[in-house]
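Trainee: Below are the chains, spelled out letter by letter.
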Amino acid sequence: MIPQLLDGTLVLVVVALAWRALNDRDLFRGVIEFIALGLLLAMAWLRLRAPDLALAEAAVGSGLTGALILSALVRMRRREQAAAGQPAGVATGPWAKDRAKNFSRVLLGALSVAMLGTLAWAALSLPAKARGLTAEALARLPDSGVTNPVTAVLLNFRAYDTLLEIGVLLLAIVGVWALRRGEWPAADLRERPLLLSLLRWVLPLLAVGAGYLLWIGASAPGGAFQGGALLAGALVLALLSGLGRRLLRRGRLVRTGLTIGVLVFGVAGAVALGWTGGLLQYPTGQAGAWILVIEAAALVSIGLTLGLLYLGGRPGEK
Amino acid sequence: MPDADPRLYLLAGLALFAIGFYSLVVQTHLLRRIMALNVMGSGVFLAFLALALKAAAPMPDPVPHAMVLTGIVVAVCATGLALALADRVQALEANEETPAPEEPPSAETGSEPEDAG
Amino acid sequence: MSGLILGPLVAAALAFTFPKRGRGMAWAAAGVVGIAVLSLIRAVLGGGVQSHRVSGWGAPLGIDLRADGLAVLLLALTALIAVAVTGYAAPYLRAADSPEARHRERYFWPLLLFLWTALNALFLSRDLFNLYVALELLGFAAVALVALEGKGDALRAALRYLFVSLSASLFYLLGVALVYGQCATVDLALVAERAPRGPALTVALALMTGGLIAKAALFPLHFWLPPAHANAPAPVSALLSALVVKGAFYLLLRLWFEALPVFHTPAAARLFGMLGAAAILWGSINALTQSRLKLLIAYSTVAQLGYLFLVFPLMTGRDGRFGAWCGGLLLLGAHACAKTAMFLVAGNILRAAGHDRIRELAGIAQVLPVSAFALGLAGVSLVGLPPSGGFAGKWLLLSAGLREGQWWVAAVILVGSLLAAAYIMRVMTRAFAPAVPGTWVRPVPPIMEGTALALALVAVGMGLAGSWFVELLWLGGPWP
Amino acid sequence: MNVLSLTLLGVLCSSLLTGLIIFFLKEESHRLRTWLNLLGAGLKLVLVAALLRGVYLGKTYAWSFEFLPGLPLALGADANSMLFVTLSTVLWFWTTLYAVGYLEDSPHRSRFFGFFSLCVTATTGIALSANLMTFLIFYELLTVSTYPLVVHRGTRKALQGGRVYLTYTLLGGAILLLAVAWLYSLAGPVPFKERGVIQGLMVSHRRELQWLFLLFMIGIGVKAAIAPLHGWLPRAMVAPAPVSSLLHAVAVVKAGAFGIVRIVYDVYGAENAAELGVLPPLAIAAGVTIVYGSVCALFQDELKKRLAFSTVSQVSYIVLGAAILGPLAAIGGLVHLVHQGLLKITLFFGAGNYAETLGIHRVSEMNGVGRRLPLTTAAFTVAALGMIGVPPLAGYVSKWYLSKGAVTAGDHWVTVVLAASSLLNAAYFLPILYRAWFLPPPEKWPAEHSFGRWETHWMLLAAPLVTAALVIWAGVFAESAFSPLAWVKLIAAREYGP
Amino acid sequence: MNVATASLSLLAVATPAVMALLLSVRPWREGVKRATPLAAAPALVLAWANPAGAQWSLPWLDHPVLELDAVGRVFLAFTSVLYLASGWYARGYLAKDPNPGRFYLFFLLAMAGNFGLILAGDVPAFYTAFALMGLASAGLVFHRGDAEAFRAGRIYLALAMVGEVLILTGLVFLVVAGDTVTIAELHRGVISRPALPLLLAGFGIKAGALTLHFWLPLAHPAAPVPASAVLSGAMIKAGLLGWIRFLPLGEAPLPGCGITFIGAGLGAAFLGTLVGVAQANPKTVLAYSSISQMGIIMTGLGIAAFRPEAWAEILAAVLIYATHHALAKGSLFLSIGPAHAARTRLQRSLTGLGLLLAALALAGAPLTSGALAKTALKANVGFLPEGWALALGVLLPLATAGTTLKMARFLWLVWPRPGHVAPAAPRGLWLPWLGLLAAMLAGVWLLPGALELLPAKLAPDKLWSALWPLLFGGALAALGARLRRWFSGDLSRWLPAGDMGVVIERLLERLTLRRPRSDDSDAGRSDDPAPAAREVLWSAYAARAASAVTDVESRLRAWPVVGVVWLLLFGLLTALLARAGH
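Protein chains in written order, with this note's numbering: chain E, 1 to 318; chain G, 1001 to 1117; chain X, 2001 to 2480; chain H, 3001 to 3498; chain C, 4001 to 4582.
No lab work stands behind these hints: they were computed from the structure.
Treat the hints with caution; some may be incorrect.
[Unchecked claim] Some, not all, of what chain X presents toward chain G, calculated at C-beta under 7 Å: (1) Phe2129; (2) Glu2136; (3) Gly2152; (4) Arg2156; (5) Ala2158; (6) Leu2159; (7) Leu2162; (8) Leu2166; (9) Leu2170; (10) Leu2173; (11) Leu2174; (12) Ala2177; (13) Gly2181.
[Said to hold, decoys possible] Every beta carbon over 12 Å from chain G, so not counted as near; a handful from chain E, in silico: (14) Leu196; (15) Leu203; (16) Val208; (17) Gly242.
Bear in mind the structure is a predicted one, so any value in this text is a computation, not a measurement.
Even for Gly, the Cβ is constructed at its ideal location relative to N, Cα and C.
Just chain E, same shape as in the assembly:
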C-alpha cells in the first residue's frame, strides 16, 4: 500500500509543482520551483528503475538547466533595470485583466484539457503487457561489448542516434557562440579565500568522479553523459570563481576540445565501416574497447560543451 501512496504523492507534487513553476506570478520563484521540479523528476526516474537517467536528470536536467535559466533571469533583470530605471516590478502574472486575453486563456485551457483527455484515452488503451525490446537487447548484450544494457543501446545498438546527438550538442554550442559573446561572472577570488581553498580540492574530485562514472558506465549506471554532466558542474564552478578565464584564452584548444567527441566518433565510424563494411559496426570482439575510446572523447566534449553553454556565448575579448 505504501509504495502506491508514495508514488501517488510524488506524481501529484510533480504535476502541482509544474503548474506553479510555469504560472507563478513571481518569475524568480517560478525558476526556483522549476529547479525543484527537476530534482523531483530525478526521484521519479529512480522510482521507474532508471538510475542512469536519474543521474543525468539531476545533474543536467535540473542542475545545469536551472543554472542557465537563473543566470539568464539575472541578466534580463539587470538590463531591464538599467533600461527602464524602475525596480524590477513583479512581472505581470497570467491573470492580466484584459478580457480578450482571459477568453483565449479559458479556451486554451479547455482545449488543453481536451487534448490531455485524448492522450490519456490513447495511453490507457495501450496493451498492459507490452513486450518492448528488452528480450532482444538482453539476448544481444554479450556481444555488445558492455554489460550495462543502456550503454549498450546507446553506444552500440543505436550508436547512430548517439552520433547525431553529439552532433546536436556541438551544433548547439556553435549556435550559441554565433549568437552572443559570453559575459564573465564578476566573482574575484582574491576576496574569497575560503571559496578558493574549497575549489582547490573540489574540482579535482569532480574530475576523478567523472572519470569513474565513465569507467563504471560499461557495467553499471553511468557513462559518458553522466560523467560529462559532472565535468560540466566542475567547469561551471571554475567559471563562477573566475578560475576558468585563463583556461579559455587559447581558442583553438577549446574548439578542439568541443569537437573531439564528434571527430573521434566520426573517424571511428569511418574506420569501422572500412573494417567491417557496416557503418558504426565495431569489429567483433573489440566492441568494448571502441566504445570506451568513443565514450572518453564524448565525455570531454560533453563536459566542455555543457560547461560553456553556461557562459552563454563565445569566450574571448574580441
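Got chain E; can you put chains G, X, H and C on it based on the hints?
Mentor: Chains G, X, H and C only, in chain E's frame:
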C-alpha cells in the same frame, strides 16, 4: 519496493505535456516559455519511461532509457540555444524602449513588442 | 550511403575548429557527398532499393537506413542546392569586410554543413526516433543560420521559429512514444506490419502529423515562415525554403504512406487537400500584397507548399496514384530549384540596390540581366508554364485529379498558377521598366548571378527530363 | 534519327540557336548580330523549302521525345503545318531584315533579337507539333517569349500594355491547360490526325466534348483575338513596329487561328464537330468579331490601333472558314491564313516606315504621305486594297472562296457578314489612301529623317515591297500550281476526302 | 492567225494598263500622256475587225479569261470610240491642269477596267475589271481636289463599294448555282433566287437606277469634262452590260424584275426631268438627262423580263439605244469646252450647229440616231400585256418630251453668247468633239438591225409620232423661259443636285456625331475609357483588400491563436482518424 504503477506515471507525463503546452502558448515572457518547453520535454520523457516500465521482464526496457537520455541532452541544448537567442531579443527590446532605438522594427513583420517569441 | 552522413558531419566539426578553412571544408564535404550520391543513384537505378543496417543489428533493435527512389532524388536535390549555395555564399559573405561579416562567415560554414548532415540523415533514416534527432539537428541549424543575420527582425523570427520547431518536435516525440508503446518498435516497416487499428496509433499519428504540419508551415501554422525566410541571409533563406520545409513534408509522406497507410482514408486526405488549397490561395494573396521582394518569395513558398499537400487527396484513388505521387514530388524538386534561384536573385538585388522594396527596383533587366533572366526562368517554373519542371508536376497532378474526378483539384491548381503569374508579373514589370539612376549602387560578382541562373535552368530543364525523374520516383514507391 | 527528322529538328533549332547565341552577344556587335539573324533566317528558309518539297512528295517527317511517361513531345510535318511554317518562316526573314533596319540605333537589341528568335521558334514549334501536348507547350512558350517584346520600350504605357497582354494570354493558357488535361484524361495522348481523334468518344462523352470544345475555343480564342477576348491586341500596339507586325501577321494571332484550325480539323474532325453542333456558335462568334473589329477600327485615329482592330476582324475570317462545314469554306479560311499574313505585314511595315521616317502615328497626320514616301505608300495601298477584297489581290481570293463555301453550306448570313466587312474595310482604309495620295503634305513632318538616296532606309523599304509583291503573286497567280491556294486545296482534299 | 487574234483581245485590255504603269517612269511620262488616245486603238480595231474566236486565257485555266461576243462587240465599239475622243480631248483640256499625270493614270486604268469588263469571259475577270474601273473612276472624280470634288468623290466611292460588294455576293450565288465561273454557261443551270435582287441593286448603282442614282449628278459634274464624258457615256453602260450578262433575261419570265425595271425606269425618267431642269450647272443637267435615258433603257429590259422570247429584238433595240446615248451624251459633254472657247462668229455658229445636232439626236428628233433608238424600243412595247403596252405608249413619248425640255435648258445655259469670252481657252478641243459628233451621226446606222428600221421610220405616221413629243417639249421650254423672268430665285436651292443624297448625308452626319471628314483633325477616340480612371478604381479596391489581408495575417501570428489553431487541428485529425479506425 514493488514496481511503481506505470499508468500513473504515464498520465503524469501527459499532464506535464499538457501543462507545458498550455503555458508555452499562454505565457508571454520568454523565460517562462523556455521553462514550459522543458516541462513538456520532461512530460514526454516521463511517458517514455512509464512505457519502459510496462515491459519490465527482468529489467525495464533499456531502449526507451537510451532514447530519454538522448532526449535530455537535446533538451539541454535546446534550452541553451533558446536562452542565448532570448537574451539577444530581450536586449533588442530593452534598448528599444530607451529613446534611441538603433533600428526601428520594420512595419512588415508586424511583430508586437509585447509578444517577443 | 554512410559517406552521406559522416562526410558533412566531420567536415562541420573541422570547419568549426579551423574557421579559416571553413569554405575548404564545405567544398570537401560537397565532393564526398557528390560521389556518394552518384554511386547511390547508380546503385538504386541498377539494383533497386538500397538498405543498410547501421552497426549491423537490424531493424527492431538497431537503426536501418534505406535509399529508395524518393530518398535518392531528395539527396541529389539537397546536394545540388547545397553546392550552389556554397558557390554563392563565398562571395556573398565576403561582401563587406566588417567584423560582423567575418564573424558571420566563420560560423556560416559549420552551420551549413550541420544542416546538410541533418537533411541527409532525415532522407535516409527509417527509424522514427532517429528521425526525431535528425529533425532537431535540422531545426537548430536552421534557427542558428536565420539568427546569423544579426538584425532585429531576423532574431525575432529565429526565436519564433525555434519555439515552433521545438514544440512541434515534442509533439512528434510524444507520438513516437505512443507508437513505441503500441508496437514495441520505431522502425517504419515493422510499425506498418504491426500497426493494429486502435486509439493509440490514431492519436500517435494525429500528434506526429500535428507536429510535422507546423514544421512544414502548412496554412494555418505558416506564420513563422515568411519573417524567418525573408530576414535570413539570401543563401540561408534559399536553403530553408527549398529543403528544410520540405523535410517535414517528406516525413509526413513516409508516415502516411509507409508507416501507417491503414489510416490514409478519404476523410483525412480531404482535410489535407482543403488545407493545401487554402495555403495556395492564402499564400498567393499575401504574396500579392507584400512590398518587399524576399517576403513575396517567402509567401510564394507557403503557396507552393499547398500544392504538395494536394498529393494526399489524390493518392486515395486507384488510377490517380501514379500521377499524384510523381507529380507532387516533381513539383517539390522543381520548386526547390526555382525557389533557390529566386532567393539567390533576391540576394543579388539586395546586394546591388541595398534594399528589396519592389516598388523602387526598376530596371533589373538592364543592370542585372543574368539575374533578371534567372528570375524570369524561375518564375516560369513556379507558374508552371511548359516546358518547365513546374509544368510537368502540375500536369501530372492535374491529370490525376481529372482521372479521379476530383474537379476542385483542377480548379485550385489553375487558380494557383494564375495567382502565381500575378505576383511574378509584379516583379517582372519592374524588371523591364527603365532603370532610375541611383537605385543600383554596388556591382554583383558574376558567380552569384551564375549560380542563380544555373539553378533556374535546372528548374526549367527538370520538365524536359521529366520521364527520367518519374522513373526514379516510381522505384520503391509506397504501394503494394 | 534519320535525315528526315533531322531536317524537322533543324527547322526548329535554327532560330532557337541563333536566339540563344544572340542573347549573349554584347550590345555593340551590330554586324555579327545582323549576320547571325539573317543566317538563321536563311537557313530556316532552306530547310523549310526542303520540308515543303518532301511533304509534297508524300514523305512523312516525325520526331518524338519522351517528355513524361506516356506523354511524348512529338514534331511532325503534315500539309496543314507546312502551310503555317512556310508563312511564318518567309515573313520572319523579312521581319528580321525590317527589324534590323528599324532598330538601327535603339538600346537592348541583343535582348530584342534574342526574344525575337525565341518567339519564332515557338511559332515553328506550334506549327510542327504533332500532338496536342507539344502544341500546348509551344503555345505557352510563345506567350513567355513575346511578353518581353511587347514591353521592349519599357515606358509606362508599354508595361501597362504588357500587363494586359500577359493577363489575357495566361488566362487563356490556363484554360487551355485544363482543356488539354481533361481531353487527355478522356482520350489519352491526342495526336493530330486528319479526320480527328475523338471518334470513339462521340457517343459516350457527347456533352463533355461540347464543353471541351468551348474551353478550347476560349483558351485559343484569346490568342486568335475572338471578340470578347481581343482586348489585349490594341493595347499591345505600344510595341515597336516589327514586333506588332510579328504579333499580328506572323506569330501570335496566327498561332491562335492555326490552333483553332488544328482543333477543328485534326482533333475533332470537321464532321464530328458539325455533328456535335459546336460549329454554328463558333461561326457566329467569328462573324460577330469580324463586324465588331471592323466597326472599332473605323473610329481609331491611331494608325496601328486601326490595323490592330482590322486584324481582330481579319483573323476571324480564318475561324469562320474553319467553322463552316465544307471544303470550299475550309480553303477560303486556310488560304486567308496566308493572305492575311502577307497583307497585314505589309501594312505594318508601311506603318513602321511612316513612324520611323516621318514620325507620324496618326491617320490624321498622314496627309500627302504618298508624295514623300511613294514606294512605301504604294505597297501600303496594294495591301489596303487587298484587305478590302479588291480583286485580283490576295484578299479577294479568300473572300471569294469563303462566300462560295458559305453559300454551298447554306448559311447565307455569312455572305452578309462578308459583304458588311468588306464595306467596313473600305470605310476605314480608303480615307487613309485618300489622305495619302490626294491631300497636300504638311510643311514639316513631325520627326523627319532622311536616309540618303532612297525615300527611307533600304531595309525598311525592301520588306514592304517584297511582301506587297507576294500579295499580288498570291492573288493573281492564285489558281496556278505554285500558290498558297494550290497548297490549301491539297490540305482541304486530305481533310474532306476525295 | 488564232494566236494573233487571241493576243488582240489581251492587247485591248493590256495597252491602257501598261501605259498607266509606264506613267510612273519619269522620262516616258510625256510620251505616255500624248499617246493616251491611242491606248483605245487596239480595242477599236478589235471591235471593228471582229475576228472570230478572239479568246485569251491564262495557261493554268481551262476556260477563256477574255472573249469577244456579239454584245461585247457593240459595247466595245462605242466605248472605244468614246475613250478615243475623250483621251484626245483631255490632251488639250488638261494643258494647264496642275497635276495631269494623276488624271492620265486614273483615266488609263479606268479604260483598262472598262475594256476588261466588256471582254471578260469569266466571273472573276469581270469582277476584277469592274472593281478596277470603279476605283479608277473615283480617282477621276477626286481629281479636281477641291471640297466639292472630295464630297462627290466620297459619295461616289461609298456607293461604288456598296455596289461592288452586292455584285460580288450576287455573283457568288450565281456561280454556286450554275456551278461554273464562265459567263457563257452561267445560265444553263437553275436560276439562283437570292442572286437576282443583289445583281439588280449592284448594277443599278452603276447604272444610276432610281433611288441609287444620287451619286451621279454629284460625281459627273465634279469630274473634269473628258472624265465625265467617259463616266456618263461608257461607265454607266457597265451596269447595263452587267444586267445583260448576268440576269437570265432570255431564259425565263421574271415578272418581279420586269416590274422593277419598268417602274424604276419611268420614275428615273421623270425625276431626271423634274430635277434636271432646275439645275444651273450644264453638266448636272446632262447628268440628270443620263439618268432619265438609262431609265428608258431599263424599261426596255423590263419588257424583256416579261417576254423572254422577245429577248433578241429587245436586245438589239437596247444596244442601239445604248450606243446612241453614249455617243450623244459624250458629244454633249465634250461640247461644253468648245462652247466656252468659241470666240469668232464662225466658231460660235459652228458650235451652235453641233450643239443643236447633238441635242436633237438625244431628244429623238426624226432622222437622228435618237429617233432610230426610240422607234426600235417602241416596236417592242407591243410584247407587253395589254395594260402595260397602253401605259408605255403614253409615258414613253412624255419621257421624250422631258428630254427635249432638258436639252432646251442645256442649250440655253451653254449657248455661246457673243459678250461672254472665256479666258485663254485651251486649244485642240474642236477636233475630238467634231469627230465624236460625226461618229454619233453615222455610228448608230452601222449597227446590225438598224437599217431594217429605216423604212419604218420614214413612214408619215411614224414621223408624226416621233415629232409631236419634240414640239410639246419645245412649247414647255418656251413657257418655262418666260416664267423664269418673274421668278428670279435659284430653283436649285430647293432641288439641290443629288437630291436624295443630300438628305442621306445629313442623316449620316447626325447619326455618327462626327464632324464632316474634311476637317477631321482632332485625335480619334480610343476605344477604352480613360485608363487612368480605371487604374485608380482598381488600386483603391486593392489597397483595402491588401490591408484586410495583412491584419488577418498578423493576428494569425499571435501565440494564443496559434495554440488554439494547433489544438483544433490535432483534435480534427484525431476525430477523422478515429472515425476511420472503426
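Trainee: Taking the hints in turn, state whether each one holds.
Mentor: Each hint, compared with the structure:
| no. | hint | result |
| --- | --- | --- |
| 1 | Phe2129 | 5 Å, holds |
| 2 | Glu2136 | 5 Å, holds |
| 3 | Gly2152 | 5 Å, holds |
| 4 | Arg2156 | 5 Å, holds |
| 5 | Ala2158 | 6 Å, holds |
| 6 | Leu2159 | 5 Å, holds |
| 7 | Leu2162 | 6 Å, holds |
| 8 | Leu2166 | 5 Å, holds |
| 9 | Leu2170 | 5 Å, holds |
| 10 | Leu2173 | 5 Å, holds |
| 11 | Leu2174 | 5 Å, holds |
| 12 | Ala2177 | 5 Å, holds |
| 13 | Gly2181 | 4 Å, holds |
| 14 | Leu196 | 28 Å, holds |
| 15 | Leu203 | 22 Å, holds |
| 16 | Val208 | 23 Å, holds |
| 17 | Gly242 | 21 Å, holds |
Checked against the numbered hints above, the structure violates none of them.
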